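Student: Start from chain A and add chain B according to the hints.
Here's the letter readout for the chains.
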Amino acid sequence: AQTVTQSQPEMSVQEAETVTLSCTYDTSENNYYLFWYKQPPSRQMILVIRQEAYKQQNATENRFSVNFQKAAKSFSLKISDSQLGDTAMYFCAFMKHAGGGADGLTFGKGTHLIIQP
Amino acid sequence: NAGVMQNPRHLVRRRGQEARLRCSPMKGHSHVYWYRQLPEEGLKFMVYLQKENIIDESGMPKERFSAEFPKEGPSILRIQQVVRGDSAAYFCASSLLTGPNEKLFFGSGTQLSVL
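As you go down the protein sequences, you meet chains A and B in turn. Mapping to our numbering: the first sequence position 89 is 89, numbers consecutive. Mapping to our numbering: the second sequence position 108 is 1108, numbers consecutive.
Hints are computed from structural coordinates only; laboratory data are not their basis. Given the structure is predicted, the values throughout are model-derived calculations rather than measurements. Using N, Cα and C, we set each Cβ at its ideal position, and we do this for glycine too. It is possible that part of the hints are untrue.
[Unchecked claim] For the chain A half of the interface with chain B, some residues (derived, Cβ under 7 Å), not all of them: (1) Pro40; (2) Gln44; (3) Lys78; (4) Met89; (5) Phe91; (6) Phe107; (7) Gly108; (8) Lys109.
[What the hints assert, rightly or not] When the alpha-carbon atoms are kept at most 20 Å apart in a straight line, the in silico SDA-like pairs for lysine to any residue are as follows: (9) B/Lys1103 - A/Gln83; (10) B/Lys1044 - A/Leu47; (11) A/Lys109 - B/Ala1089.
The shape of chain A in the complex, shown without the other chains (with noise of 0.2 Å):
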């Protein structure tokens, strides 16, 4: 079984300044896939970030990057230039390659993400 850990339950940073959200996963697969969700206070989950297991590239989607440790099982999101509209809870999810789209997604209990103006 895979299990995802969100260390940080919340963090606070000021507008326009960075911040990065760890996690960290367990996992005997080799091939996988890692996302990060983020769910703002109107309870939708939106997906910022996705990384395939098998590129060693880090994911990047406008403001948003992660950095990929595979060796280390180590997923961190890096929010740039932040803005009030980033204020949300985010999830750090991992599924199996071979698991479809049906258990394959397990979350971590989420960091809470508050951007003071």
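Tutor: Same frame as chain A, now just chain B:
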């Protein structure tokens, strides 16, 4: 193209009552997943359905919980004889196909409160 629609958004039930949660997937999506989010926790997988079939219910409690996705109409998550521990946010997600390359689209969830 409407997203994944869940209703009701909030549902209050007394212990022992039944709760029925509805999920209409995105248009054209035939794969539906239900997740439960307890307070201060991440989402936990419950069940995966395709039209008229339950594919994986390994995350579903063995008793009182059932799910269906009929040929016509929304997917339904049914909880019989609710208890306080069932209080949680229940999320539905849908996808066009299955597999890790397929993007999951989530609804806004149903917050179930059991008094």
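Student: Looking back at the hints listed earlier, which ones does the structure fail to meet?
Tutor: As far as the earlier hints go, 1, 3, 4 and 9 are violated by this structure, in ascending order.
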